[in-house]
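K.L.:
Spelled out from the first residue to the last, the chains are:
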Amino acid sequence: MEILQVIFSGLLTGMVYALLGLGIVMIFKASEAFNFAVGEFLVIGAFLFFILFFDLKLPFIVALLGGLGLSGLFAAAVERLTIQPLLGRNPISMTIITLGLASFLRAIVQLVFGAHSYSFSLDLPDLTLEIGDMIFLSEQVWASLLSGCTFGLVMLFLFRTRWGVAIRATSESQAKAMAYGINARLILVVVWSLSAACIAIAGIAISNFGSLTYLTAMVGFRAIPVVLVGGMDSIGGALAGGLIVGLCEAFVGAYIEPMGLIGFKNVAPYILLLLVLLVRPYGLFGTVRIERV
Amino acid sequence: MRKRGLQLVAVVGVLLAISLPAASKEIKVLSQFPMSGPVGTLPEFGMGYIDGMNWINSEGGGVNGKKITFFLEDMRYDPTVEVANFNKYCAEHSRDEFLMATGYITGALKPLIEKVNVEEKIPWLDGSYSTEIFGIEGGPAKYPYYYSLGATYGDQIKVLLKWIKENHKKPGKPKVAFVVSPTAWGRDGLPEGLEYAKEKGLEVVAQIEYPYTATDATNECMALRKAKAEYVIYHGYSGATSHTAIFFKTAKKILKDVQLMGTHYTTGRFPILVCQEAYDGYVGVASRPFCDAIPREKTPMTNPMVKMAHEFAKKYRPEDYKEGGKIKDMFLYMEGLTYALIIQEALTRADKAGQLTREGVKKALDEMVWDFKGLFEGKKFDYRFHTIPMVQIFKAEVKMQKVGDKEVPTGAVKPISDWINVNEIKW
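Respectively, the protein sequence lines represent chains A and B.
Under my numbering, residue 293 is the last one in the first sequence; the count climbs by one each step, no gaps.
Under my numbering, residue 1427 is the last one in the second sequence; the count climbs by one each step, no gaps.
Only chain B is shown next, with the shape it has when bound in the complex:
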């Protein structure tokens, strides 16, 4: 009897030992955002991501009931840090469990090409809109595991040029100038833009590189004035930084009748805070609904994802959400949240297909046709080219107003177009 009991215990023990690792197999994902560094203190990315992931793991249904183990790193706007973090996680976690990774900077995509696409073969979502990586020359054929969460810079610039062509009222060809940043993505999309401008009969009168270390922009603005530019596309800069404020404030004085324009990262709420009135009238293209008015209560809640982000922030971080709190720009919070949601969607689809592996997640992403929980106001996108090809054009309306004893900028960037699918647009 005693012997049989011992045998039973041994069998149960062996069975447990075999089954335990399988039962404890985790779903691990790594996300990296620039939450500090030269672009500023941007904890909102992390806040949105953490709130999104916690919601997914509690009320949001997880991955068909399974929880996601998520890791969040601040890559400090430094490609080296992003690469090092990724290498560390690859070394520490098994391929069976570590299923997806996200990054946020073009500069890190390049050194990781081999590691992500050949060695690890892990689906990688990125905040980079690099035309070189995600455009015709790159794309899924060349970088099968890279996915961008927006339209390429080339497409963004072309949308702006198309807007100029359609809205130019003065006689003669529209005179366009580019101000680009001296970064890995500063000239990205420019060749496509120049070719498109030529095709559309727009005259490109200047291309100026404006350094991050600039303390004044007089030379650059004088050069633009000399070139008689009518439209200036400021491309490849963060709207939150000091040099952007310097450029816009100087340009407003020297280039009085010039239409200032820009790509995704120069559009939004942060530039209103930093550039103030100099940002008024700016026209920019963006791949997200930049609905975060100043004051915040004036934000329209018509977009379901915007509504969701604001409700989350209000619920989980009421103090940070208040005006003057840590959430200075809800776009960044929403960005963190959208990363969490697309990760959940891809993992859930892979799991439903019975392929909760890196390859399964890749397949789920490649075949994804999704409305991104209403992010594009009902429009769906497909991920076959590894970019979310949706953009909208916004115009900034900014006014200085007295709030309490302080003169503060008020206003918002407001949509002046519908959501445009760059894969379907008639160029």
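This is chain A alone, in the form it adopts within the complex:
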């Protein structure tokens, strides 16, 4: 029974991580840049929702869509100001820009919202599952459902719409996409907005475990093993990576930490990441690149 609890808890949390991973992978595929400001995007998205839902008292759906929309707009502005000027240059420059962006945004969040915690409880229908000794809290179930649905919708958007085709074409080759008349600059804005919306959903789901603070951004670091284990350029890899990292944390928390290795849960995904990279340097589902030097 206990092992089932651990497995399902891991999968539920892993779904949220998968969504975070998806946010990173989309940007990487479109621009080959790794967005290190993922944690800050997560906090900003959650705070935007917080203002609409808790302060302005908008209905949940309106606040959720509004929060995601504002997160998307915010990401579009960030992309326009920091990433677009670097288009055509080495993607490393963009990655480095996101590092600076993370520090800048963290300071802005502290300036605007302070450093204290905000209680965060969504009054959603209780989906707590209690089967024998097993218990899955409503917040976990909702987080997983929200993340899973968002993941599915994004997949539909990418694989069943014209915009999705354009995004995938741009991800394959910006130059070729532009030759076919696709506005690659606009596509990049859309990708950043979509990514920010996904990350915001993850932020809202995680904050609903108890509270929201600028330190919630630390969750962003979980995205690193997720995408590197799954493969930087694989959407399916983000899903697999998220679930693997979720399971890894749950197993370590349940079986290894009680042996005295306290805090190992936070380190374990990175050890797993190293092991995966030793065997498959491009991640489990990443494209193997052969480059001539």
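These are calculated hints, taken from the structure and not from any lab test.
One or more of the hints may lead you astray.
[Stated by the list, open to error] According to the in silico footprint, chain A covers these stretches of chain B (three or more CB under 8 Å from chain A):
no. : region
1   : 1273-1287
2   : 1334-1345
[To be verified] Pairs of lysine-lysine residues, derived as DSS-like cross-links and limited to a Cα-Cα distance of at most 25 Å, are as follows:
no. : chain 1 : residue 1 : chain 2 : residue 2
3   : B       : Lys1380   : B       : Lys1414
4   : B       : Lys1322   : A       : Lys57
5   : B       : Lys1322   : B       : Lys1380
6   : B       : Lys1165   : B       : Lys1226
7   : B       : Lys1399   : A       : Lys57
8   : B       : Lys1162   : B       : Lys1198
9   : B       : Lys1402   : A       : Lys57
10  : A       : Lys57     : B       : Lys1198
11  : A       : Lys57     : B       : Lys1226
12  : B       : Lys1406   : B       : Lys1373
13  : B       : Lys1226   : B       : Lys1200
14  : B       : Lys1395   : B       : Lys1200
No residue lacks a Cβ here, since even glycine has one placed at the ideal position from N, Cα and C.
Chain A is fixed; fit chain B onto it per the hints.
P.N.:
Only chain B this time, still in chain A's reference frame:
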């Protein structure tokens, strides 16, 4: 005539030159509080301290009429910052003038042991309740210049265990579990607690470390459930932080019949704001009167120090004092104020004894028997063991209520015991 005049001017000049430094000798103190950083934005510490010091220097009588030059630093909950600030002030100010310092974190006490107790020999008051530093193993014999403003964590935990023993109604031994923080003070007091539990016939069924970086507490709560814990002592955490809210909210769902308990820094108003209803029924021990109800006007003003703090805040910072203003927890404001008041008391006693020096202040503190302006409702404490050995047990009563168009937590932590002097208690 002219020559004599010049001689007179020269003599006066020399006399002035000699007397000036003595006349301008200042009384300098440094205080450091965690006003920002991982525990949150807590400017209240500084507000209470500044208001207290300004009052002391104007209406409060100063140090027998002399003003205190006070310095205030935000140590950002970072021991390195606290140590660096102290070193800076030591380098910049003479020993004759810089007479006292205060800090707020166990993590900084350890690296400063040599500097404070051997090199500088400066009386240092601290918000740390470290058993290692202030308990039997440490104390005045080992760290003669360190003073704590509360009872040690070991004593706080023992008071909680004693309460469990006396209030346990179910058959069988009470099953107790500890959830501790992975910090310098996370396990502090635990060995004393475990020994006391054994002595009192309490069964300790789990000891769990819960990290600051936690985003969910399901594993920890499931482990506590599996261990069949009846009382969970959550120790070594700030009540204002995100992970505390996550733990309490999760525990309320998974550990339905378990009594959640905690030490000083998890007791108070901030956890009500952050944990909301999940904090209802919490029993905690604290070394200050945590009287700051939500809404604030319901706060009982029976404690003279609480009354003084609220009056000060209302008078000097009316906008910040209002509900929703910058003073979110009056305990923090009162804490800043109490630091200012004990500094004044120690300096005044030293000055009266004609020893306004670091050694004189230390002597004044060592011999101090004081009611702390009514902080413990008339009870006096003595500082011979370098701790203020007073604690009280509180219980949280929290309810969600509609205020305007918002659902907000209301309630307070209310005392369920008298003030207990841990040096006099029959364990």
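K.L.:
Now, for every hint given, state plainly whether the structure supports it.
P.N.:
These are the hints, each one checked on the structure:
Against chain A, the region 1273-1287 of chain B contributes 4 residues with a C-beta closer than 8 Å to a partner C-beta. That satisfies the three-residue criterion, and the hint holds. By the rule of at least three residues with a Cβ nearer than 8 Å to a Cβ of chain A, the coverage given for the region 1334-1345 of chain B is violated, with 0 such residues. Between lysine 1380 of chain B and lysine 1414 of chain B the CA atoms are separated by roughly 22 Å; this keeps the pair inside 25 Å, and the hint holds. Distance hint between lysine 1322 of chain B and lysine 57 of chain A is fulfilled; the C-alpha atoms sit about 22 Å from each other, no more than 25 Å.
Of the supplied pair hints, the one linking lysine 1322 of chain B and lysine 1380 of chain B is violated, its CA atoms being roughly 32 Å apart against a limit of 25 Å. Pair hint lysine 1165 of chain B plus lysine 1226 of chain B holds up; C-alpha atoms about 22 Å apart against a cutoff of 25 Å. For the suggested pair lysine 1399 of chain B and lysine 57 of chain A, the alpha carbons sit about 20 Å apart, so the restraint of at most 25 Å is met. Between the alpha carbons of lysine 1162 of chain B and lysine 1198 of chain B the distance comes to roughly 12 Å, so the proposed pair stays at or under 25 Å and holds.
Restraint check: the Cα-Cα separation between lysine 1402 of chain B and lysine 57 of chain A comes to about 13 Å, which is no more than 25 Å; the hinted pair holds. Proposed proximity of lysine 57 of chain A and lysine 1198 of chain B is contradicted: the alpha carbons are some 52 Å apart, above 25 Å. Restraint check for lysine 57 of chain A and lysine 1226 of chain B: not satisfied, since their Cα atoms lie roughly 40 Å apart, outside the 25 Å limit. About 38 Å separates the Cα atoms of lysine 1406 of chain B and lysine 1373 of chain B, which puts this hinted pair outside 25 Å; it is violated.
Note on lysine 1226 of chain B and lysine 1200 of chain B: the hinted pairing holds, with a Cα-Cα distance of about 23 Å set against a maximum of 25 Å. Pair hint lysine 1395 of chain B plus lysine 1200 of chain B holds up; C-alpha atoms about 23 Å apart against a cutoff of 25 Å.
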